[in-house]
Amino acid sequence: MSDNFTEDKISNSTGWLAKKINSSKIIWLLSLICVFLFVAEFFVHRHAEMGVDEYIGFYGAYGLIGSIFLVFLSHQIRKLLKRPEDFYDD
Amino acid sequence: MHLPALQVVIPLIAAALCALFRHYFLAWFITILASWLSFAIAILLLLQVMSRGVISYELGGWVAPIGIEYRIDLLNAFVLLIVSGVGAVIVPYAQKSISQSIEKSQQSWFYSMYLMALTGLLGVSITGDAFNIFVFLEISSLASYVMIAMGPDRRGLTAAYQYLIMGTVGATFIVIGIGLLWAMTGTLNLYDLAQKIPLIENSRPVLAALAFLTVGISLKLALFPLHLWLPNAYAYSPGVASAFLAGTATKVAIYLLLRFFFTVFGGVEFFQSTPLPEILFVLSLLAMFAASIVAVFQSNIKRMLAYSSVAQIGFITLGISYATEIGLTGAIAHMFNHAIMKAGLFLLIGAVMFRLGSVKIEDMAGIGRKMPFTMAGFVILGLSLLGAPGTVGFISKWYLALAALQEGQWWAVALIVAASLVTMLYIGRVVEVAYFREPTVKVDQLREVPSSMLLPSFLLVGAAVYFGLDTSLSV
Amino acid sequence: MTEILANLNYWVTIVLMISGLYIVAAHGNMIKKLVGLSIFQTSVYLLFLSPGKILGGTAPIISKDFDLYSNPLPHVLILTAIVVGVATIALGMALVVRIHEAYGTIEDDEVHDMERE
Amino acid sequence: MMIDIPPGLILILGALIVPFLKGYLRGVFLLALPILSSFILYNLPDGSHFAITAFGQHLELLRVDPLSRIFGYVFLIAIFLGIIYSLHLRTIEEHLSGLIYSGAAIGAVFAGDLISLFVYWELTAISSVFLILARRTPEALAASMRYLIIQVGSGVLLLAGLIIRWNETGNITFDHIGLESVGGVLIFLAFGIKAAFPLLHNWLQDSYPQATPTGTVILSAFTTKLAIYALARGYAGTEELIWIGTIMAIFPIFFAIIENDLRRVLAYSLNNQLGFMVVGIGIGTELALNGTAAHAFSHIIYKALLFMSMGAILHRTGTVLASELGGLYKTMPFTSIFCIIGAASISAFPLFCGFISKSMILSAVAYEGHYWVWILLLLASAGVIHYSAIKVPYFAFFANDSGKRPKEAPLNMLIAMALASILCVGIGVWPSSLFYILPFEVNYIPYTESHILSQLQLLFFSALSFAVLIKLGFYPVQSKSTIIDTDWIYRRLAKAVVVLITNVALTLHSNLFEVTILRARRLVDQLYKHHGPQGILARTWPTGSMVLWVAIFLGIYLLLYFIKNI
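Chains as they are written, first to last, in this note's numbering: chain A, 1 to 90; chain B, 1001 to 1475; chain C, 2001 to 2117; chain D, 3001 to 3566.
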């Protein structure tokens, strides 16, 4: 078993999602939705609960930055905590 | 009514009859008759004590303190019930088990010894005379040495020899203590002693007597670290004898401890004025942990249970060391409960031995599927041993924890609990092997044991659950 | 010195007791251990009997000629204790015989080593 | 009417009949039990119904109020789904243990006093362990023992706490307890273990992924939510819980992102979702407690759904490692759809049940003005979509094709998943159905334009970042590995310590006496060298050493008794 998602797996597969072009398509689609949601904010009456959320695009920006932050932090944590698969073989 | 005398005399005569007739089946039949009769008598005595208070019976019509007095109060009526009850339940089981492990010509001797041991233990519990205690103690001990030596393994012989040396030393210590007391007071009657000792309780001979009695009784009840004779004695004796001794012998020794400290030596105040509570407390805790941990590492399941007995005795003496009402209630309840549990566990392991021919834990892989009832009983009693609610073990540990709390010792509660967790480890080990391993070829061919062995065991299992729910008797 | 002599019986008891225990503890030969045990028990007989003896007293048989008797109770007790002791030693000896059959030795440590294996 | 039968008892007693039934009859009987039980619960009026006296105490075995009722209902739903999901099994151990386990959990929820709570508490521990053991692998066995020790340990703490509390107050009714007394703190810890508080959490990630496919589904529903119920009952409004909950909601995210075993990922996300509930309990307002109850309700359903989909994969392929899976949507289309519905629910997508309940908790936090808590919980919500909502379906069903072409899940599994999905969507679309059974009156409107929009923004931008990170290769590569967590403390550190101690203890035990004797002998040796060639000194005699100990003890006692006299 490979440790990683190797390139040959991708080329062997026939699924729609597996194709590189399609995965780009998804990103474009998501970006489009995000832009739409961002624009929508100008037309919807926003009811701020805490103060910070009155800023335009707060939720979007927070979601984006927050999750990138989480992933990068996890990377660092993993370096600390990762052990071989049979670490606990007892 | 001569019930108190009959309590002792019936098994004694029956023992002689067994030895006279020397026929294995007849001997068994006599034994079952005698043991159930004495059980019935014990029940009657307990009922009488409950309704009418202390019974005093003068043997041969000689008035105490010159004659020997049998005196039964609630405490020893209860001990009589435990001893005769365990003794009675085991006999029906014994026939199959004994006929497999002991030659036919020797079987009647075994039953004879069994009855002698029963006589001795009942005698110790019932008598009100200090020297009489020694004599009965030796009767029961001598009979037990013989039973242990009849074990299937040659190590039974050395175990019996060791037990003989230690037991005799212990009994002699007790008799030295009694002798010193007698020299000081001129009486051997326990209740007469109780009157006279407070006047001289701080004189050196009396204290020396107390020391001799303490050590002697500690030896008999296998108080850590004087327990060393016990594991081998229980491990290499025939299953029936292990169950009987584990259920009764140490309990009677505990009774003696209670009797000497709380009746003869003027009760709680005197007890607490000595350093004994502290010593007992520390030794009990050591027993609870050291013996439990050793039990975890045993490969022979009977040895494991024997070490567990040492640990459980630690629980009992812990309760005694508090010398409060709750503590003593816990100790006495645990004495009763442990008798039921350990006798039951040894019977069930005897059943495993009967079929499998081995008591090594690793040989028992997957046995839970082949002997479902035996192992189910084992699991229930095991749960009780570690104090699961709904079983007797819970009740007594509950009281012990309460007793510790009453002294404000939170950490002692934590230790009681932690010791129970260690118990879980060794019981869990057996459960794991018995249920979650694939059966070996040998195990695969096993059948459940005959009902004559299963029923008595389950009587004890049932008792463990019943008295866990209905606490009116033991508490 | 006189004090020691006055309590001579107790001193003898203690010496017997300690030497008995010592033999049990120190000797590896199982029969010698039993001998030690027997000596140990004997000390107890003495412990009981000696206080019962009254100087100038006689055996407790009622008679017009005497008015000073020894206490009979310890004799009764010790007779029983001797019987117990005899039974113990006999049983011990029987066990030693069986151990010798099974192990071929009656040295405690050798048996101990054989069991360990 | 059979009003007075506790609903939990029906399941437990019913379980005892199961072994005697075979085939279809067994299936029908299994399904009938929770239905019968719900019927009885539905007809039970509020109040105390089944009081007995034992241990010298007045015990309330069946106390029904709105808070316990909603947990009772959802537990019954969960076991019903769990039974459908496991109907294909030929063995009965999982059915038996599942029934007793759920019965005990329901019994605990309706326990009106701490003693009966304790009894049921321990019963859940003991009965559930078989769901892990039934996997019959060495890892499962080891994990189950760790699980059992920790769970029983929780019960023991509870017992200790209740005894202390009883001593202090003479009262063992299970009501608000609070942290003011020692007993209260111990009980809090007992609940905390089951609720998987940070640092006490690891039993969950350790054991759930080791259970059988069906076992995990059942396990995920009861133990932790029982603890949530107990906390809500005993510690509502305890401020410490707010921060405990916040930490709980954040830290599992890191582990979930880097974890490879998808059931372990779900176990971490379980922990994160519990964090939201714990915060709600800490806030303690009516809205917050409503939110907690609602979130527990929907969480049980969608988490069961997610575990069911993973269980189906495990059942068909034998693995749930992200690095081994991918592309399964081709042959398991229904399972993938159900998994996505579960994922949408857990990430609180509008029109799914998670949206309703999580919004209530977040709003309650906002209303009470806990600014930083709110910010952090928002971050946790954004994180959920990463590891749980997208990661799980993505790596299992899509991602890079693993070449595995398993069959679609068995019919009974599909039915169970379908029912759970219907519930998820149903509650999401008609929240009033859930509001109806909440403990307090509800004046909360989840669907406002502003709220929907902000939630969608949060989710889609987060999803975008996931897609981009995957594309750019920044997302942690899923590979076979062990991620250490606090279990390291007891699996490695404690083990080393225990081994050390036991070695010492064993050595002591076997050697102490002999060593002591040896030392004593050496002394004697020097004093009595002339004692001849007998050479008593070099040997050890077990019987002899015992006797020596006796003598030593006699000496000690004599000394102590005499000292006392001086």
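Hints in this document: simulated from the structure, not taken from any laboratory.
Wrong hints could be hidden among the right ones.
Unchecked claim - To be clear about the criterion: a stretch of chain B counts as covered by chain D if any three or more of its residues have a C-beta under 8 angstroms from a C-beta of chain D, and this derived list gives those stretches: (1) 1128-1135; (2) 1145-1152; (3) 1163-1171; (4) 1221-1234; (5) 1273-1282.
C-beta atoms are modelled at their ideal positions from N, C-alpha and C, and glycine is treated no differently.
Practice task
Against the earlier hints, flag every one the structure doesn't satisfy and list their numbers going up.
Solution key: 1, 2
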